[in-house]
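Sequence order for the protein chains is L and U.
Per this note's numbering, the first sequence starts with residue 2, numbered consecutively.
Per this note's numbering, the second sequence starts with residue -4, numbered consecutively.
Honestly, the hints are just simulated from the structure, not real lab data.
Just so it is clear, the structure is predicted and the values come from calculations on it, not from any experiment.
Just so you know, even glycine gets a beta-carbon here, dropped at the ideal spot from N, CA and C.
Any given hint could turn out to be false.
[To be verified] Facing chain L, from chain U, some residues (calculated, C-beta under 7 Å):
| hint | residue |
| --- | --- |
| 1 | R29 |
| 2 | I32 |
| 3 | R44 |
| 4 | Q58 |
| 5 | D59 |
| 6 | F61 |
| 7 | K63 |
| 8 | F65 |
| 9 | R139 |
| 10 | Y152 |
| 11 | L183 |
| 12 | R184 |
[Unchecked claim] Simulated restraints on C-beta separations:
| hint | chain 1 | residue 1 | chain 2 | residue 2 | range |
| --- | --- | --- | --- | --- | --- |
| 13 | L | L111 | U | K95 | 46 to 56 Å |
| 14 | L | Q8 | U | E69 | 51 to 61 Å |
| 15 | U | Y75 | L | S22 | 55 to 65 Å |
Chain residues, written in single-letter form:
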Amino acid sequence: MAMNCEQARNLFDAYVDGELSPPLEMEVSAHRLACASCRQELALLEVVGHVMSLDHEDAEPDLLRPDFTDRLLTCIEPPGTAAARRRSRWLRAGGGVLAIAASMAFAMSLFFNSSAPRVAGVKATRVAPPPAVGTAEVTDAADSLVRQVESNWSRHADGAQTVIQMGEMTLQNVLDRLGSKDQPIGADPVEPRDSRSFDELRPDPADDAIEDL
Amino acid sequence: MVTQRAPSCNDGDARLVEQRLVAAACRHDTQAARQLIDLHKQRLFTFVRRMIRNHHDAEEVVQDAFLKAFASLESFSPEYRFSTWLFTIAYRLCLNLLRKKRGPLSAEMDFVAERDASAGPLAVAAGADDSRRLQHAVWQAVDRLSAPQRAAVVLFYRHEQSCQEIAQVLELPVATVKSHLHRARAHLREFLEPVVAQEPAKLRILFGLTG
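The shape of chain L in the complex, shown without the other chains:
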């Protein structure tokens, strides 16, 4: 029994793709010869396929730039580099975060522990800068002392107690060199105050009388 148009059309794709068994291919070919409509459809499919296989869009085919490969090679990293770079980036980021966290923790420990920095469980007295006593010379000496103590503190954490005591002693020496702690430098001595009242101090007229000869 000859194939009808509906049966043939169902097989057009496979026929054009060469996927039909030889007997079926023959049947479709026979129907094609007998049916103008199906012949036209098949011709169109084949022409379209043929045009696309040629792909001549115009006389000058669309091409990549001549230096495409050279430019591309400058961008291509050696295989594995991208993965290594990602790993390195993560390690650096992680290390950086750790470093920042450690610095912040150290800074915060110095900032908040204002009353008594502790070293090896020993409570130490904070060395305060000496009070301003009026002369630049002493002020400079006091500043130098503070810097010296701070430097020693940072370099000799284990001996901090000793350092602090040394600092206190040195500060005491400076203050003793200034003399009395209660007397500011340059002030005049104060006369003792007369405790008598005004009436007591008013002159007595009898003191001015003339004596008899």
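We have chain L already, so just place chain U on it with the hints.
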């Protein structure tokens, strides 16, 4: 004309050469990398150009596809063809770009008709070369297909890939690829019937088709 898609000895040789080049490129052999690129760049560009329809965008997609392929070269399995893998990457990039643009195809295309009109002797006009007019009509019809249908017909006809290879590139089952081909042909028939239906015999002569 019946299209055959049987593998040949040349395919096997080409595959061996490709595997050797990939292995050498993995060992930082720049010459091997250059050969790999030159082997596939124009074919890949032709495919992407049919998908994207814009020369500049197509060139960028091709470049990006190669960059992605080379970045993952160490993890590439030799049981697959490098070219198939490359086309797969390029197809994904095309889909991403088409989704981003989401405009009508004609807005993104290089207007072939306008270029031809200004090209002097190559102008497409009434009474001009019938074959060129038909080619223009066919490709315009292809441009109106959906992305998967367009990819299927271009890979099948232009790049002579089998349905199995097309299925790998498009990352679809073979049955789906055949369905796309079937629908694409139905659409193309619909678009082109007014153009070619009147003179199928003349067109067959033009293209040397027999049978």
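Check: Going back to the hint list, which numbers does this structure go against?
Finding: 5, 7, 9 and 15
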